[in-house]
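Peer 1: Chain A is already provided as a structure; the job is to place chains B, C and D with the ligands on it using the hints.
One-letter residues, chain by chain:
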Amino acid sequence: MSALSREFDVEAIRADFPILTRMLDPDTPLIYLDGGATSQRPRQVIDAEVAYLLHDNAAVKRGAHRMAGLATDAYEGARERIADFIGAPSPDEVVFTKNATEALNLVAYSLGNGDDSTPARLRVREGDEILVTEMEHHANLVPWQELARRTGARLRWIPVTDDFTLDLTDLGTLVTERTKVIAFTHQSNVLGTVNPVAALVEAARAVGALTVLDAAQSAPHMPFDVAALGVDFVALSGHKMLGPTGIGVLWGRYELLAELPPFLTGGSMIEMVHMDRSTFAEPPARFEAGTPPISQAVGLAAACDYLDALGMERIAAHEQALTQQALTGLAAIDGVRIIGPAASPSRAGAVAFDVAGRHPHDVGQVLDSLGIEVRVGHHCAWPLHRRFGVHGTTRASFSVHTTAAEVDAFVHGVAHTIDFFGSLS
Amino acid sequence: MSALSREFDVEAIRADFPILTRMLDPDTPLIYLDGGATSQRPRQVIDAEVAYLLHDNAAVKRGAHRMAGLATDAYEGARERIADFIGAPSPDEVVFTKNATEALNLVAYSLGNGDDSTPARLRVREGDEILVTEMEHHANLVPWQELARRTGARLRWIPVTDDFTLDLTDLGTLVTERTKVIAFTHQSNVLGTVNPVAALVEAARAVGALTVLDAAQSAPHMPFDVAALGVDFVALSGHKMLGPTGIGVLWGRYELLAELPPFLTGGSMIEMVHMDRSTFAEPPARFEAGTPPISQAVGLAAACDYLDALGMERIAAHEQALTQQALTGLAAIDGVRIIGPAASPSRAGAVAFDVAGRHPHDVGQVLDSLGIEVRVGHHCAWPLHRRFGVHGTTRASFSVHTTAAEVDAFVHGVAHTIDFFGSLS
Amino acid sequence: MSNQLSALYTELVIEHDKRPLHAGLREPFDTEVHHVNPTCGDEITLRLRLAEGGERIEDISYDAVGCAMSRAAASMMADLLIGRTIEEVAPAQDHFEAAMRSRGRLEGDEDLIGDSIALLGAAKFPARVKCVLMPWKAYQAALVEARMLGA
Amino acid sequence: MSNQLSALYTELVIEHDKRPLHAGLREPFDTEVHHVNPTCGDEITLRLRLAEGGERIEDISYDAVGCAMSRAAASMMADLLIGRTIEEVAPAQDHFEAAMRSRGRLEGDEDLIGDSIALLGAAKFPARVKCVLMPWKAYQAALVEARMLGA
Ligand SMILES: Cc1ncc(COP(=O)(O)O)c(C=O)c1O
Ligand SMILES: Cc1ncc(COP(=O)(O)O)c(C=O)c1O
Chain A
7 MSALSREFDV EAIRADFPIL TRMLDPDTPL IYLDGGATSQ RPRQVIDAEV AYLLHDNAAV
67 KRGAHRMAGL ATDAYEGARE RIADFIGAPS PDEVVFTKNA TEALNLVAYS LGNGDDSTPA
127 RLRVREGDEI LVTEMEHHAN LVPWQELARR TGARLRWIPV TDDFTLDLTD LGTLVTERTK
187 VIAFTHQSNV LGTVNPVAAL VEAARAVGAL TVLDAAQSAP HMPFDVAALG VDFVALSGHK
247 MLGPTGIGVL WGRYELLAEL PPFLTGGSMI EMVHMDRSTF AEPPARFEAG TPPISQAVGL
307 AAACDYLDAL GMERIAAHEQ ALTQQALTGL AAIDGVRIIG PAASPSRAGA VAFDVAGRHP
367 HDVGQVLDSL GIEVRVGHHC AWPLHRRFGV HGTTRASFSV HTTAAEVDAF VHGVAHTIDF
427 FGSLS
Chain B
7 MSALSREFDV EAIRADFPIL TRMLDPDTPL IYLDGGATSQ RPRQVIDAEV AYLLHDNAAV
67 KRGAHRMAGL ATDAYEGARE RIADFIGAPS PDEVVFTKNA TEALNLVAYS LGNGDDSTPA
127 RLRVREGDEI LVTEMEHHAN LVPWQELARR TGARLRWIPV TDDFTLDLTD LGTLVTERTK
187 VIAFTHQSNV LGTVNPVAAL VEAARAVGAL TVLDAAQSAP HMPFDVAALG VDFVALSGHK
247 MLGPTGIGVL WGRYELLAEL PPFLTGGSMI EMVHMDRSTF AEPPARFEAG TPPISQAVGL
307 AAACDYLDAL GMERIAAHEQ ALTQQALTGL AAIDGVRIIG PAASPSRAGA VAFDVAGRHP
367 HDVGQVLDSL GIEVRVGHHC AWPLHRRFGV HGTTRASFSV HTTAAEVDAF VHGVAHTIDF
427 FGSLS
Chain C
27 MSNQLSALYT ELVIEHDKRP LHAGLREPFD TEVHHVNPTC GDEITLRLRL AEGGERIEDI
87 SYDAVGCAMS RAAASMMADL LIGRTIEEVA PAQDHFEAAM RSRGRLEGDE DLIGDSIALL
147 GAAKFPARVK CVLMPWKAYQ AALVEARMLG A
Chain D
27 MSNQLSALYT ELVIEHDKRP LHAGLREPFD TEVHHVNPTC GDEITLRLRL AEGGERIEDI
87 SYDAVGCAMS RAAASMMADL LIGRTIEEVA PAQDHFEAAM RSRGRLEGDE DLIGDSIALL
147 GAAKFPARVK CVLMPWKAYQ AALVEARMLG A
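Residue numbers (my numbering), protein chains in the order written: chain A, 7 to 431; chain B, 7 to 431; chain C, 27 to 177; chain D, 27 to 177.
Isolated chain A, as found in the complex (with noise of 0.2 Å):
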């Protein structure tokens, strides 16, 4: 372990998410390894967002009241909070969506709102081509189906190479002139799997199309700057990155947001409306049609400066050495086969894995009886499993407040579960 992780005082962490000495049965303490699915939130952002309620709760940007401001100033605070967490030059590039579903179809659906006044770029026609990847979440794929569907453009994908990584080779044929959209994941969330987002960028520039990132693993487990990435839009999840629920965050350059058309309408998000025609703010207000998730806003931020505290680099380090012993334990169990790479650090902390003639429902009882809560089934990548030829799998995920122990018992319930199965006549 390296010096960093071994600060990381992970005892200290726990005390500060009280649903961690929650009991599921009398003897049964709660091993939580399914924060891939959703994180469980400190007191520090349960705290910030009920101070909001209890003080300054109001409407937003409706309202000249000084109530109506100090709420203002709490949600727009809160954006700037994220803007720097995620490393994005301006605030105005950061929109509040509900989730990061919610960003991702937001995308694509103003991508296909355009008219003739849109430039080309931002706009997505028949004959044009849209990239996805072949372990994307259904997320980031589904969108785009439908994005194809409606506008007669053309869905293809990267396919994805028995060692869980991208399949570049063909990708000088994958990508043409004809390509309006390069969208894919930064960390699948069953392989763990980190893409190699430059190479993407890079492919992509050169024919003019745009990239989207799906951030919705990688940004709550690693350090994270939307500028150093050279991506067009990222999309995320608060509750992925310990907080609320009922917020997603759009990133996206401000000069392509300055001229994206508008995806949700309504109120808030307009310029001038009469009864017949309607003109639209600018970014961010543009993509934020009716009252915003504003409390949600004040809990993600208060989340930004809980993981900032901890230090994404040594949170990235902690979760590393977990992912690591994880591997290594469930390499020694026979019957066990990981889905994703191998070795950490060239993955994130998500683990996948199949159990030999045991379906993922099952393995999963017998690690929930222990106290061990995983996430079975497939994920919402259900093409990434078809190509591994499973109908699910099994996930363990690192969230800051795992300990080595948990790791352990984690790793003893897989070798108890085919143990236990085994024993059944």
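Treat each hint with caution, since some may be false.
[As the list claims (entries may be wrong)] FRET-style restraints, in silico, Cβ to Cβ:
1. A:ARG131 to B:ASP79: 18 to 26 Å
2. B:THR34 to D:ARG45: 30 to 38 Å
3. C:ARG173 to A:ALA349: 52 to 60 Å
4. B:ARG343 to D:HIS48: 25 to 33 Å
5. A:TYR260 to B:ARG131: 35 to 43 Å
6. C:ARG127 to A:ASP53: 31 to 39 Å
7. A:ALA348 to B:ALA315: 42 to 50 Å
8. B:GLU208 to D:ARG45: 54 to 62 Å
9. B:GLY317 to D:HIS48: 57 to 65 Å
10. A:GLY133 to C:THR111: 38 to 46 Å
11. D:ARG173 to B:GLU208: 39 to 47 Å
12. A:PRO125 to C:ARG127: 47 to 55 Å
By construction, these hints were calculated from the structure, which means they are not laboratory data. Ideal placement from N, C-alpha and C gives every residue a C-beta, glycine not left out.
Peer 2: Relative to chain A, chains B, C and D with the ligands alone:
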């Protein structure tokens, strides 16, 4: 005052809203008359959300572990609670959105998303007509403008009379065989006018058009029953009914939802996903892409409990009495013109007015200096303001926790405003 | 082995999972349905063959991909239903579904549902209830279709 | 009258609101812009006329619908800018915007911004900051446009 409202113990209710003890200045208590923009939350709602987060927080509908089961129970239990609150025949007719605006956009987009397999009734196309009213909130106007623009349908609208009601004189010519949708507000957020739902539903049924009711302002303030109303779709916002931001509701008749194409796509709304195509889940899942607002649903269910414990009849009576008090008080002030029907109970508790020669910002500023928080501007109903020749209005709106003394203070505050500006050279 | 697990993975469940009865897709059949559990990707294809003017279940054959619970449920169901009349089995179906959805509050009646009583341990696990009910939902859908064809 | 209100509705503000300077739209002009505050519906149409190769502000004329603050702001701004060079007024513009956005932390420099100093009471009210800055934003936009035309 009726017996009902005499029983209504406002002081006990106020004790449930900790924010009401807040001081704006050392000697200026908060008089919050902006519940029409967003309501405050009783501690019961905050506590329910926090309790969920401390005990049961997990991803819903995606996991098989016990925590996921508890979270799913909490979330689906909230759906049942809300179905019950609005009189929905089945919880499967309740779709959680992020706010009322998304609920309305969901319908507008889905009606444009169909293909040849979609029933004609659920598909808006070139040549079809969409009917709205001149008193709509932008949330129930701009999405229809955009649907019309995307599809080539024609947008028409029902005008508003000088008496602040819908002008149904020409309804016979406004509703035609081409009319696919009639979208209208239950209660104007500016005028307070409650619209004749039955007449509009009848006109729609006669031509087979769908009805979409914006109930963001009505449902929190009167007994509300979707089955009795006879409309096809209803939109609500959590944060206007003592619940959290980040959650709204679309109610729709099951047989319509069952055939309506999806809107947002991604995880949890699919049936099967292949790289090149997907099929979609049954409602309500089909319309809830991605991780939903889980703790917010729990909070909203607690808000329904709270409202039902007070009793919607009694809430309506309480707010009616306050509205009448405000109308009578304002009518006695020279230079104040009420933009809305002059008498309760033909209208509900939003009281908008114009102060001759004074911009609403300046009126609101003086009231704010007295601790009285009212909304100023066009209240996201710009065409309606244009209709009455005003740029903006000042609006007071009343809540369960509003007292007669606060309404008095408000009426005096308006009188004071006129004196104040009169006194300046 | 914990009590919790032993209540779920009973001997009967394991037996049906290992050696499922009536498995495989057979001819002849009146209707065939394909159901998916979208959260885990489990699938069942089920064929229904009716006799006696649509009143008796002559055969149920199926191909099920899923967990031990869902596979056992399919096997137990087929074994319970084949050869009986639709009227006879309706109460079993209602009772089983009610018991599965009761979170363990409703005890099962073995006379009605036979081996399926062994599945009720799953009633406490909402995510597993779906697995267990999937074959029954498929049967129901196949029946509705058969009746529509017959009508 | 509360201190809070007297800090906002100063005599100067009331004076400019009642008798705005340079109001009305005049010819000739180089560029015209129309700005709206979408939250309240306030509007300003502003015309800019430059002289001396685009270096001097020869005229600013405007038509403003808005609250006392925004109307006074337009009047004060026009009076401050007309006749001066763009270079001269740039520091005033920067200083005024910074002070307005400072939530009252930055005291204004009257030598730089003239009568507009009377508007700084609004700096504590975020919603009003927009009202006050709207004419300045309009001037800026008109200037950018004029330069693009000139270039
Ligand atoms: C009548 C009406 N409809 C729709 C809305 C939109 O609600 P939300 O902003 O929560 O989406 C509002 C509130 O602003 C409203 O008053
Ligand atoms: C890689 C990835 N993308 C997108 C999402 C969707 O996030 P959400 O459900 O919060 O919209 C998830 C989480 O489920 C994910 O893991």
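Peer 1: A separate judgement is required for each hint: does it hold in the structure or not?
Peer 2: Checked hints:
In this structure, ARG131 (chain A) and ASP79 (chain B) break the distance hint of 18 to 26 Å, their C-beta atoms being roughly 46 Å apart. One distance hint, 30 to 38 Å for the beta-carbon pair THR34 (chain B) and ARG45 (chain D), holds here, with the actual separation near 33 Å. The given range of 52 to 60 Å is respected by ARG173 (chain C) and ALA349 (chain A), whose C-beta atoms sit roughly 57 Å from each other. For the pair ARG343 (chain B) and HIS48 (chain D), the supplied restraint of 25 to 33 Å holds, since their beta-carbon distance comes to about 31 Å.
Between TYR260 (chain A) and ARG131 (chain B) the CB atoms are about 36 Å apart, so this pair conforms to the stated range of 35 to 43 Å. For ARG127 (chain C) and ASP53 (chain A), the Cβ-Cβ distance of about 38 Å falls inside the hinted range of 31 to 39 Å, so the restraint holds. In this structure, ALA348 (chain A) and ALA315 (chain B) break the distance hint of 42 to 50 Å, their C-beta atoms being roughly 57 Å apart. Range check, GLU208 (chain B) to ARG45 (chain D): about 56 Å between beta-carbon atoms, so the 54 to 62 Å window is met.
Under the hint 57 to 65 Å, the C-beta atoms of GLY317 (chain B) and HIS48 (chain D), about 59 Å apart, fit the expected range. Judged by the Cβ atoms, the range 38 to 46 Å given for GLY133 (chain A) and THR111 (chain C) is violated: they are separated by roughly 59 Å. Distance hint check for ARG173 (chain D) and GLU208 (chain B): the Cβ-Cβ separation is about 60 Å, which falls outside the suggested range of 39 to 47 Å. The hinted range of 47 to 55 Å is satisfied by PRO125 (chain A) and ARG127 (chain C), whose Cβ atoms lie roughly 54 Å apart.
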